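Participant: Here are the chains, one letter per residue:
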Amino acid sequence: MSARPTGVHERLDDDLDLVCDVCVIGSGAGGAVVAARLAAMGLEVVILEEGPYRDRRSFRMDEGEAYRTLYQDRGLRATQDLSITILQGRAVGGSTVVNWTTCFRVPDAVLHRWARDFGVRGLSPETLAPHFQAVEARLGIAEWPAAAANANNRVLFEGCRKLGYEVGPLRRNVRGCANLGYCGMGCPVDAKQAMHVTYLPDAFAHGARLYANVRAHRVEVRQGRAVDILGVALDPETARPTGRRLRVRPKAVVASFGALNTPTLLLRSGLDDGKVGKRTFLHPTVAMASFFDEPVQAFYGAPQSIGSHHFADRGPGRIGFFLETPPVHPMLAATAFPAFGQQQLELMSRLGHMQALIALAIDGFLPEEAGGTVRIDRDGRMRFFYPIGPPLEEAFCAASIEMARIQLAAGAREVRSLHLEPVVVRTEADLPRLERAPYGALRHSIFSAHQMGGCPMGEDEDVCVVDSTLRHRRVDNLFVVDGSVFPTSLGVNPSETIYALAHWAAEPIAAAIA
Amino acid sequence: MAITRRTLLRYGLGGGLLLLAGGAGLSLQPSRRRAPRAPLRALDERSFSVLAAVVDRMLPPRPGYPSAAELGIAERVDAFLAEGDPAVAREFRQALLLLENGLAGFLFDGRARPFTRLPPEAQDRVLDAWRTSAWSFRRMVYRALHGLCMAVYFTCPEVFPAVGYPGPPPLGGAP
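Residue numbers (the working numbering), protein chains in the order written: chain B, 1 to 514; chain C, 1001 to 1175.
Source of the hints: derived by calculation from the structure; they are not laboratory data. Because the structure is a prediction, the values reported are computed rather than measured. Using N, Cα and C, we set each Cβ at its ideal position, and we do this for glycine too. Honestly, I wouldn't trust all of these hints.
[Said to hold, decoys possible] Which bits of chain C does chain B cover? Going by a derived footprint, with three or more residues having C-beta under 8 Å, they are: (1) 1034-1045; (2) 1058-1064; (3) 1080-1091; (4) 1118-1132.
Just chain B, same shape as in the assembly (with noise of 0.2 Å):
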């Protein structure tokens, strides 16, 4: 029973070497629209994928089997000092198969503030509006209803209104969606419009190959040109080398390997130039827990659907943030809340009664914000540092204190912080407890669903490692299309403005090979 769509090919049973127009390293949202693209320019196109091919026919709706096979580490990626969880996918299709489909233009003035402070050139909101509209027909990109929103959302929808904050609904990459919830999980009907069921199937119908399983290890540099890419076959299972090899000859190499990997490719690739790997961003995310009378059963329903951008703008000084909603599955609950015990187990009793907000950090805007920083050990392998400052532990207790008001005035009976020893605030009054709580490293959790940076992209020497055409300043042929190339974070949900990157790349990447 085969099927998987043709030009997916999944083990490789001898050393294998292959010839090509581009060789694309990574299939999310980077990797696929831009393999589609040159693939129906008429290019011969290779993608490496070290995911596993997995569709709807696997997705089971399971937790514990969906993080372990779907995501980066096994669903254990935190930066360094496992301060933040780093929530990031790993298989055909990247993170758009496990994202929460919400989808955003980056902003304007964020565009603006990498023309004036990275020397962008030529990517104005003009320029990209085309490459937006072209993605968004593709991908069912849509407003969701606010009256589809589970009760989980209604929350930060009601309790914004009554406090007089902005807040509406969410557009989503979906079709038909059966709203299960399911969605950080893999969709089981195929209505997430996520990279392996939308970009790869169009570039297979173009002639594109797709080599899962395999680790882009290396790209051999020559004279300032890629020449080879050499890949690692890995055990789908246990992700482990089968000690197999893919040696790849192509005229152009695309990493579009997803921040953290794509700098982590290019420091194993002998490019270190001081600044690969360096502002890298994550959107780091706070959250709150509020506890209602009545179910909410914020498992169930589209995951996310409402948004507020009431606090992205906190005047100069100050790092903004924006609130969206998180699933509240088992697992997820029960790691984020950091008790144990009978407290532990009291508190899981209430799943079904549980509601919760996330408060995204806009990180990079500030001067004094360097983001975080990747490198490699001995053996090649990721390390990621990221230092949570002060600015960043003010947004942090501000973004918590909001969260709760707006619980409050949506009608939770109880808040509760993820402190390693939590703030529980009953009435406006408790406030001013996560007023004095400590934020920062360790002492609550902190996630991060949104990788950026690394291979900023720009004009500025010292700082950018690709230049506005997403060309490596300096290997003639090696182009980044991933969130990596964003200078700053993007103060929104990443994923369609890579989509609309890379759409927008291709022709320039067309053009270097021609």
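Chain B is fixed; fit chain C onto it per the hints.
Facilitator: Relative to chain B, chain C alone:
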């Protein structure tokens, strides 16, 4: 899910030295051994015994909840570690031995007995001391232990009724 990484050893010189001390087994008293119900794949018998004791306190008996021991949570954590990066398993093992270590316990908490030889209430106090420690290295070890225990237990379908989670909805005929 916030869990362990192979980075534990590199978390500052003090943390690294302590982990080495834990791994070297500088204990004043032998551990209370617990026999695994399945052959161990990542942990050794001693670190498994510590893990089983930690699981008992992280997930104690409570009406309505299936027993962590009967579900074999410690054995499942061992299996999870065995399927992943061996460096992660090694550092997790070292973290367990550090928690167990009587000498480290004496320095941190004024107790000379290994974790596995403490009464349950004292074990809870030790876990609390790590959770709320002023030293972020100890909070990191707590998060690593906590994350794996919670992740493995709360993904067992047997636990779903206790938390009011009906499980995934039926798909209604999708092939």
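Participant: Find the hints from earlier in the document that the structure breaks and name them by number, from lowest to highest.
Facilitator: Hint check: 1 fails alone, others pass.
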